[in-house]
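Chemist: What follows is the residue order along each chain.
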Amino acid sequence: MGSLIAQIVSVTLMNLGSLRRRLWMSLAMVLASAVVVAILLAFLAMAKGFEETMRGAGSSQIAILMREGSSTELNSVILQDQVNLIGESAGVARDANGPLVSPELYVIVDGIKKSSGTEANIPLRGLNKTGMDMRTNMQLVEGRMFTPGTNEMVVGAGVLREFNGFEIGKEVRFGKNLWKVVGVFSTGGNIFESELWADIKTIQSHYNRGNSYQSIRTKLQNDSDIKPLQDSIEREPRLNLEVQTEQEYFASQGKQLQYIATFGWIISAVMALGALAGALNTMYTSVADRAKEIATLRALGFSNFSAFCGTIAEAMVLAVTGGLLGSLAAFVFFDGLNTSTLGGSFTQVVFSFEMSPDLFLQGAILALAIGFVSGFFPAWRAARMPVIVAFRHAA
Amino acid sequence: MSEDVLFQLKNVSKNFVKGKEKISIFDDLNMTIDRGDFVAIMGPSGSGKTTLLNMLGGVDQPSGGEVWFDGTRIDSLSEGALTRWRAENIGFIFQFYNLMPMLNAQRNVELPLMLTKLSKAQRRKNVETALALVGLSDRAKHMSSEMSGGQQQRVAIARAIVSDPKLILCDEPTGDLDRATADEILEMLQLLNRDHGKTIVMVTHDPAAAKYAKRTLHLDKGQFVQREIVA
Ligand SMILES: Nc1ncnc2c1ncn2[C@@H]1O[C@H](COP(=O)(O)OP(=O)(O)OP(=O)(O)O)[C@@H](O)[C@H]1O
Ligand SMILES: [Mg+2]
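Which chain is which? The protein sequence lines are B and S, in order.
Reading the first sequence from the start, the letters are residues 1 to 395 in the working numbering.
Reading the second sequence from the start, the letters are residues 1 to 231 in the working numbering.
There's no promise every hint is true.
Said to hold, decoys possible - Okay, derived cross-link-like pairs now, DSS-like style, lysine-lysine, Cα gap no bigger than 30 Å in a straight line:
#1 S:Lys221 - S:Lys211
#2 S:Lys141 - B:Lys292
#3 B:Lys292 - S:Lys125
#4 B:Lys255 - B:Lys114
#5 B:Lys201 - S:Lys141
Said to hold, decoys possible - Computed list of chain S residues with no C-beta within reach of chain B, every gap over 12 Å:
#6 Glu21
#7 Gly57
#8 Leu82
#9 Pro112
#10 Ala160
#11 Asp178
What the hints assert, rightly or not - Covered by chain S, per the in silico footprint, the following chain B stretches (three or more residues, Cβ under 8 Å):
#12 4 to 10
#13 32 to 42
#14 288 to 302
Keep in mind that the hints were calculated from the coordinates and are not lab data.
Note that beta-carbon positions come from the ideal geometry of N, C-alpha and C, so glycine has one too.
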């Protein structure tokens, strides 16, 4: 029946044409849908942004070694002779100065967040020249590098942005020690930008670490190939270390915030139920309001299917309009918004919310679901509307 | 059944169940309507005039008996088949016009044509013809809120005839109008019957309105009482 589409289209247009009579209720439904979608997108963008920040940090050319059983740098300990043994292992890249091995220390210091004025943890990383050279995307954006053997440090761009008092030239007190900021570095937006860097020897002595470290980074001879290194660690009883590429390490840390996405879906689902209750009410009211029109159209020969579709379509249009507004709001307010959260090592990771087409798709799916479910039962009622209603003696 | 018979009710009964009570509106009603007839149905309030009209229009189902239209038994059709049957054969005119308030006159009249396969141009032509017939060509773009009751009812008449149905059913078409306007509408119905061969069944309270019909049936206590006057 070729006219079925025409029927549905004209019924839908008439329904939308009558929206003005139910303006406030309809707007309430649009708003509810907008809020639910915006909240979902905010959570998803947060999880996405965190994952991107973590993923970007890792290089597949670099292996990171920690003590067996330590999932993060913070609870790992590595001794000097272990560092020497790694330098002699297979699979490690070398240059004229010897093996490219960077023993690193990682301690936690306090900073005051600009946004909330509260204290939060910042990692202070001790490393040497090899360690800095290994981070090929690192760039000094301001000032100069710290001088080994002094209380100088360079700050990540993210730290400068999110915390008070890390501008160049400022002196910062951590515990008994006074540090001086001499430079600002960028690593292209990834997790290292949430760190402070200083000379490893200085940190070892200030924090009484003797000759111990927490992690080793080495440049691999062949990209992604950790097998030779892994084999030599297994053969050597003094090396109770775990090895993985830096990329794998950060990817697994980035996944930690996947629960935010799940949480976002749960929160939005609960809120969607609330929105749904309101939307159902709006749509039942719509059917009651249009009863005489529906019945008249049925008397003229319009099918009950067209009455059903028209009502569903009205609900979808309202919910999806809300969804679009909600997405737009989420985009305007959240995309690129900088924030920081607890990263893998109980320190602050500075990252940006990231909106992407697949997030909008998820928002659209949620809006369509709200529209369909809230439209379905009222549409059923519209389809079952007795035609004799058209003859009722009430204008 | 003679060639001329359009509608026939055979032993039709209708009752409503209200709670435990069964209200019988008709019991064994018989009636024949010929092609080209113009029948007025009168009777006291609650006598079942609207119910009868609804059964003729396939909008309400009889509880028993048979309803025949042009050789088809319509009381046993499925809801979908009945809906299509209505679209093809019946034009309705309501007491309160039942125009779509969000559409202008032209769009209202076009509605029954949305159920046909006619092209847009063809639809427009038919709408123009129907509006011209009711004398509202100049109001094509007006919304119902901008028209008087009489004008709205004329739009409704145009809507009822635009798809050229065999039968026009009117429930108190002038019930909401003043005398002069009512007479205009009734003259229009008469013209449709006389010059365009439309068969019309009209429910009315108003004896003056009934005079425009070819004959009047009086419904009382579930039966046609013998006051049939043939014009
Ligand atoms: N859906 C229904 N359920 C129960 N009773 C009904 C229903 N529809 C109509 N009736 C009853 O059937 C009887 C006939 O109603 P109907 O509307 O056909 O009368 P009418 O002759 O058109 O009256 P009026 O002149 O007031 O329009 C009335 O008593 C009415 O209460
Ligand atoms: Mg009535």
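Chemist: Against this structure, judge whether each hint is valid.
Modeler: Structure-based check of all given hints:
no., hint, result
1, S:Lys221 - S:Lys211, "23 Å, holds"
2, S:Lys141 - B:Lys292, "23 Å, holds"
3, B:Lys292 - S:Lys125, "28 Å, holds"
4, B:Lys255 - B:Lys114, "27 Å, holds"
5, B:Lys201 - S:Lys141, "88 Å, violated"
6, Glu21, "20 Å, holds"
7, Gly57, "7 Å, violated"
8, Leu82, "9 Å, violated"
9, Pro112, "5 Å, violated"
10, Ala160, "9 Å, violated"
11, Asp178, "16 Å, holds"
12, 4 to 10, "holds (count 3)"
13, 32 to 42, "violated (count 0)"
14, 288 to 302, "holds (count 9)"
The structure fails hints 5, 7, 8, 9, 10, 13 (numbered hints given earlier, in ascending order).
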